[in-house]
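Yeah, the sequence shown ends on 149 if you go by our numbering, and it's all consecutive.
In case anyone wonders, no lab produced these hints; they're calculated from the structure.
Even glycine gets a Cβ: it sits at the ideal position worked out from N, Cα and C.
Everything hinted at is true.
27 Å max Cα-Cα, derived BS3-like pairs, lysine-lysine:
1. LYS12 - LYS134
2. LYS12 - LYS24
3. LYS134 - LYS24
Derived Cβ-Cβ restraints for the label pairs, each shown as a range:
4. ALA147 - ASP65: 37 to 47 Å
5. GLU51 - GLN28: 21 to 31 Å
6. ALA147 - ARG47: 28 to 38 Å
7. ALA147 - LEU81: 39 to 49 Å
8. ASP65 - ALA128: 26 to 36 Å
9. LEU81 - ASP137: 25 to 35 Å
10. ALA135 - GLY94: 14 to 24 Å
11. ALA80 - MET3: 16 to 26 Å
12. ASP64 - GLY94: 16 to 26 Å
13. GLU39 - ALA135: 29 to 39 Å
14. GLU97 - ASP65: 13 to 23 Å
15. ALA69 - GLU103: 14 to 24 Å
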Amino acid sequence: MDVTFYFNVKHREQALCQLVGKALAQRLSVNVLAASERDAHGLDRLLWEVPQTGFLPHCAADDPLVAVTPIVVDHRAALLPQRPTLFNWTDGVPEGHARYERIVEIVDRSDEAREQARLRWRGYVAAGITPKAVDMLELAAQRQASA
3 MDVTFYFNVK HREQALCQLV GKALAQRLSV NVLAASERDA HGLDRLLWEV PQTGFLPHCA
63 ADDPLVAVTP IVVDHRAALL PQRPTLFNWT DGVPEGHARY ERIVEIVDRS DEAREQARLR
123 WRGYVAAGIT PKAVDMLELA AQRQASA
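Model the full assembly from the supplied sequences, consistent with the hints where possible.
Structure follows, in structure tokens:
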């Protein structure tokens, strides 16, 4: 299992849309696990609005079109269909995490988000998983230097 923490993210929601969009461009099907029904509705609205020139096709886990929809957004982990990738939008290690090949964690720059991420990191380590960290500030600086 591959768990990647993208940290020092300036706009968490924008990063989610970009990463989910990249997965979609690669013809991958993904799940997005929200912390609550309210958060799932917020992500639903976001995926209708971003990118501005279109939307990212998605539905809830109990939607009749779930089998043909590449992005599933829901707060009910047990209802999520089998997919290789999970974007974790909760404050904990997701229920059923072992069934995924890849889990993506997106962490903004706030102290609270960083502390929650540290707890999730330790939770993955306790489960025998060695997460990877990608510093988005460092990555942006490297891209600017090479341009």
